[in-house]
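There are 2 protein chains.
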Amino acid sequence: MSHAAAAANDRTASPAAGPSTRKPPRRTAERILDHTLELFNRYGEPNVSTTLISAELSISPGNLYYHYPAKEALVNALVERYERALQEALTAAGPADDAEGAWLLVPRLFRLCWDYRFLFRDLNDLLTRNRQLETRCQVALTQQTAAVRQRVVRLCAVDGTALNDEEADALATSIVVLLNYWLSFEYVRDPRRALEPENAEAAMRRGARQVQALIWPYLSAELRQRMRPTLSEDALKRGNVAVRG
Amino acid sequence: MSHAAAAANDRTASPAAGPSTRKPPRRTAERILDHTLELFNRYGEPNVSTTLISAELSISPGNLYYHYPAKEALVNALVERYERALQEALTAAGPADDAEGAWLLVPRLFRLCWDYRFLFRDLNDLLTRNRQLETRCQVALTQQTAAVRQRVVRLCAVDGTALNDEEADALATSIVVLLNYWLSFEYVRDPRRALEPENAEAAMRRGARQVQALIWPYLSAELRQRMRPTLSEDALKRGNVAVRG
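Taken in sequence, the protein lines are chains L and E. For what it's worth, full-length UniProt numbering labels the leading residue of the first sequence as 1, then goes sequentially. For what it's worth, full-length UniProt numbering labels the leading residue of the second sequence as 1, then goes sequentially.
Mixed in with the good hints there might be a few duds.
Across the chosen pairs, the derived CB separations fall in these ranges [unchecked claim]: (1) L:Q87 to E:R26: 56 to 66 Å; (2) L:Q87 to E:R192: 18 to 28 Å; (3) L:E166 to E:E38: 31 to 41 Å; (4) L:G62 to E:E80: 47 to 57 Å; (5) L:D98 to E:E80: 48 to 58 Å; (6) L:N47 to E:E38: 23 to 33 Å; (7) L:R131 to E:P197: 39 to 49 Å; (8) L:N76 to E:D98: 36 to 46 Å; (9) E:E80 to L:E80: 22 to 32 Å; (10) E:D98 to L:D34: 52 to 62 Å.
Source of the hints: derived by calculation from the structure; they are not laboratory data. Note that CB positions come from ideal geometry on N, CA and C, so glycine has one too.
Generate the whole structure from the sequences, applying the supplied hints.
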């Protein structure tokens, strides 16, 4: 099917389909992305073909091709979504000088890793095949590291031992490694269960706790104690973790 | 080619080949593994076919099939090698009560991750396709965690702040995550250079330093100072790191 034919197909519902399937191109593009993300997350990006995607969506391969001329275009569009969601998470976590609000960032970033887990699952493989991802991943890591660094520095300055530059760099880097690889680690520890949707909250909670533990030695006994029991399921579901008990 | 024919082929050098190619089956099997490991590490396991392996080795597909009837058999044999190397690394690092010798373990485990980097590169994908790996990876992680835990507990008890159980568990887990994912993280930060063989030493050195940084807050200022400048290129090449400056 030509681009033009696919476009026409997209704008005009086939006679057999009801009016509810008449969707403007923009919405179709978003719907394709939603389903693709789900399929990538469930089966892994290398195992999902564009044929499978169009079959799952009940659209013609030509229609899919009109919106995304290759699987790489789908990956890139999903990475753009991820980048926007990362910005939102960084903004939503509040300013860096809100010491206790700093904790909001950790579950938000874990949630992001969960929502886009296909990216982290086979990142090395994706990077090998898609050079556009290279710079974008570097930017995302740099942003995460900077945001985490600001917050741990602030948290420790307000409550515990002030971090020197070397400690702050090392701590932020270790936290970013934990954030981005924790779910993979959970998967290796328990491939049949850890990343089933019903267990994801628990996996993220363990990850958030693991991040907390990195900061323990720098915090006052009092704040440490207060942080302990607060990683409730509810807080994680809301995408935030209260610091006060 | 039948198994028997392949076996015969393996034992009898073809008339064109010189006497140096006359290798007993055991050695051929090992040679196949050496080359396969190299190819897997260079291109990623999913991108290496048995056809490529036999072509690279200049052996017939039947001969390869005689030794390893599927790619999975090659992966499993390499995992066995990895497991043996892990045991050797754990043994070579000395007993857990040798506090300063504890550091020997970190560069040895990084070296292992480097030598078998194909495993860690696409571990999630491998686990999905090869259920035999599941238990074996869990055992390897458990062994690593136990060995690391014993050593950090000892190191901190001798020199710094004694760790409680919760701290020791968290610290050992974070170190194991860093050990197993650091090279992937390096790759994401710099896909074109980080894991080129000439840069691998530096990548492992940064990883070992990152692990050290996790333990810093628990150590006395004096030991911390002594540990600092000792992660020399030489030490990493020898697979060990001196604690004394």
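Those earlier numbered hints the structure runs against, lowest number first: Hint check: 7, 8 and 9 fail, others pass.
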